[in-house]
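Protein chains in written order, with my numbering: chain Y, 11 to 320; chain L, 11 to 320.
To be clear, the hints were calculated from the coordinates, so they are not data collected in a lab.
Heads up, some of the hints might be wrong.
Same chains, same label: a pair holds when it works inside one copy or across any pair of copies.
[Said to hold, decoys possible] Distance condition first, Cα-Cα at most 25 angstroms in a straight line; then the derived DSS-like pairs of lysine-lysine: (1) Lys29 to Lys132; (2) Lys108 to Lys14; (3) Lys266 to Lys132.
The chain contents come next:
Protein chains: 2
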Amino acid sequence: MSTKDRITGVLSPVVTPFKADLSPDPERFVRQCRWLLSQDVGLAVFGTNSEANSLSTDEKVDLLDRLVGAGVDARRMMPGTGCCALTDSVRLTAHAMKLGCGGALMLPPFYYKGVSDDGLFKNFAEVIERVGDRRLRIYLYHIPPVSQVPITVALIERLLKTYPGIVAGAKDSSGDWNNTKAYLDNFAKHGFDVFPGSETFLLQGMRGGGVGCISATANVNPGAIARLFATWNVGRAADADTQQERLNEIRGIFAKYPMIPALKAAIAHYGGDTSWATVRPPLVELTREQKAALATDLDSAGFTMPGLTG
Amino acid sequence: MSTKDRITGVLSPVVTPFKADLSPDPERFVRQCRWLLSQDVGLAVFGTNSEANSLSTDEKVDLLDRLVGAGVDARRMMPGTGCCALTDSVRLTAHAMKLGCGGALMLPPFYYKGVSDDGLFKNFAEVIERVGDRRLRIYLYHIPPVSQVPITVALIERLLKTYPGIVAGAKDSSGDWNNTKAYLDNFAKHGFDVFPGSETFLLQGMRGGGVGCISATANVNPGAIARLFATWNVGRAADADTQQERLNEIRGIFAKYPMIPALKAAIAHYGGDTSWATVRPPLVELTREQKAALATDLDSAGFTMPGLTG
Numbered sequence: 011m012s013t014k015d016r017i018t019g020v021l022s023p024v025v026t027p028f029k030a031d032l033s034p035d036p037e038r039f040v041r042q043c044r045w046l047l048s049q050d051v052g053l054a055v056f057g058t059n060s061e062a063n064s065l066s067t068d069e070k071v072d073l074l075d076r077l078v079g080a081g082v083d084a085r086r087m088m089p090g091t092g093c094c095a096l097t098d099s100v101r102l103t104a105h106a107m108k109l110g111c112g113g114a115l116m117l118p119p120f121y122y123k124g125v126s127d128d129g130l131f132k133n134f135a136e137v138i139e140r141v142g143d144r145r146l147r148i149y150l151y152h153i154p155p156v157s158q159v160p161i162t163v164a165l166i167e168r169l170l171k172t173y174p175g176i177v178a179g180a181k182d183s184s185g186d187w188n189n190t191k192a193y194l195d196n197f198a199k200h201g202f203d204v205f206p207g208s209e210t211f212l213l214q215g216m217r218g219g220g221v222g223c224i225s226a227t228a229n230v231n232p233g234a235i236a237r238l239f240a241t242w243n244v245g246r247a248a249d250a251d252t253q254q255e256r257l258n259e260i261r262g263i264f265a266k267y268p269m270i271p272a273l274k275a276a277i278a279h280y281g282g283d284t285s286w287a288t289v290r291p292p293l294v295e296l297t298r299e300q301k302a303a304l305a306t307d308l309d310s311a312g313f314t315m316p317g318l319t320g
Numbered sequence: 011m012s013t014k015d016r017i018t019g020v021l022s023p024v025v026t027p028f029k030a031d032l033s034p035d036p037e038r039f040v041r042q043c044r045w046l047l048s049q050d051v052g053l054a055v056f057g058t059n060s061e062a063n064s065l066s067t068d069e070k071v072d073l074l075d076r077l078v079g080a081g082v083d084a085r086r087m088m089p090g091t092g093c094c095a096l097t098d099s100v101r102l103t104a105h106a107m108k109l110g111c112g113g114a115l116m117l118p119p120f121y122y123k124g125v126s127d128d129g130l131f132k133n134f135a136e137v138i139e140r141v142g143d144r145r146l147r148i149y150l151y152h153i154p155p156v157s158q159v160p161i162t163v164a165l166i167e168r169l170l171k172t173y174p175g176i177v178a179g180a181k182d183s184s185g186d187w188n189n190t191k192a193y194l195d196n197f198a199k200h201g202f203d204v205f206p207g208s209e210t211f212l213l214q215g216m217r218g219g220g221v222g223c224i225s226a227t228a229n230v231n232p233g234a235i236a237r238l239f240a241t242w243n244v245g246r247a248a249d250a251d252t253q254q255e256r257l258n259e260i261r262g263i264f265a266k267y268p269m270i271p272a273l274k275a276a277i278a279h280y281g282g283d284t285s286w287a288t289v290r291p292p293l294v295e296l297t298r299e300q301k302a303a304l305a306t307d308l309d310s311a312g313f314t315m316p317g318l319t320g
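Use the sequences and the hints to build the structure in full.
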């Protein structure tokens, strides 16, 4: 099965803007997605950093419709469609396919803990069978620090054997290079595309056969992350390690704060739109002091968000 | 604020029957709820044991409508309405109130881990404010082994102070008596009703000021559990400890198996309806061998499910 049409490169789990009443703001969402595309970064909307699980399925369907309706290229989208409820996962995944999305990033059902690979296989198999579309490209989402439900090598092996081509890859947000390496070593040659969940592993990942990254901080530092991907892929970029160090420096600043509120605070700051800082519970905004400290840290590091208009 | 109209006693997190295509089966659900009420057990539908988080919000709204439409008494219902998405929690809770449910059992949003009490307070406060119904009775659902997001004493204190009467109690499924005791000691005298999450703590709970229990095994052993509650409340039941021991014996048999599939297998066996064993992924049915062993264990212990018709 051809993997030429696959999404690769750097994707952003796009943060979701909320209005004062905590409803999603489609206009600012479209604007943000357009800005990310202008930086050569794809759209992993409805990820962990998107507060996707804090949105209802109706809200996600509506936001996706609004993006596509606004002319944003669905082929550059890899929406998160894995929910706790099979019926929600099927509905969202089918909708994403109908709109022509390049892929679907799927969390395992994450309420029950200690579930078996048999149960997880059944979950993904039911989604694939019910969606029933050979164009479907599923990316498995491994983020045990949050979901607490791992995507094991054994599960991937079984899924890849049963649904080659449809099971197209994984995002590895374990933060554990050994796990990323296990995915790469076992599956990268079998049409399975591995995206580390942070740009701190971008270069290491590409050197090991990875195809990019899907990273929180691609929301705020998209251009520089995409540049490392692009230049490395054209002649292995002599300055790749220097680029990687600079990416890590910026990432390190954000990592000093709760990540999602910090991403939104940075967009609010550099875009001149304070309402971007709004999050849905159970998250909380950075405090005024944290926002000021983050801005100072970023300014001191010479950080900018070129082209962002809020 | 009066607590006389409150739900007390034994409640069952009612297991949800599925058809072969994994859609919920309203007819068998109504029948099961009627049987539980006939055993003097209330209906904590949409709990952990109900596979509630494996159902979409639409499916839950529909099942609740079907129950009430069939004439099942909404005042005996405490549906689980706490979701990851604020909008889902508000919609379900408002719907439960509209139907006249006696209370709502609320999980905290459970995707993000390590969230602050500030964020959790905001979540529950938003639900309460948006539902905007003084008849609302919220029971906080503490089940850290599954949700991984605890309901702390400090959070309860803050909610109880801000929303007295509306914040009506908690289900404690920590399995940690010290936590149940902390809830009881701090709040039982302030109109806060504590339900241990297992009948193994029923007697101990009542002795400490608890008002009943909400327990998985109330799905299968409702009459005996309700009898301990009823007889203890009329003259402290001289044989209370003996009753408790017998409850523990039956619970112990179920605890040897994955709980939810085991509950469904027992209903399938004693109700003569094999399709009751169906679960949604990520759970898996007991194997044929496990089902046979469970039935043998239960039969040997003289266990029955009187009046169950499947």
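Evaluation of the provided hints:
{"no.": "1", "hint": "Lys29 to Lys132", "in the structure": "between (38 angstroms within a copy, 16 angstroms between copies)"}
{"no.": "2", "hint": "Lys108 to Lys14", "in the structure": "within (20 angstroms within a copy, 53 angstroms between copies)"}
{"no.": "3", "hint": "Lys266 to Lys132", "in the structure": "between (39 angstroms within a copy, 24 angstroms between copies)"}
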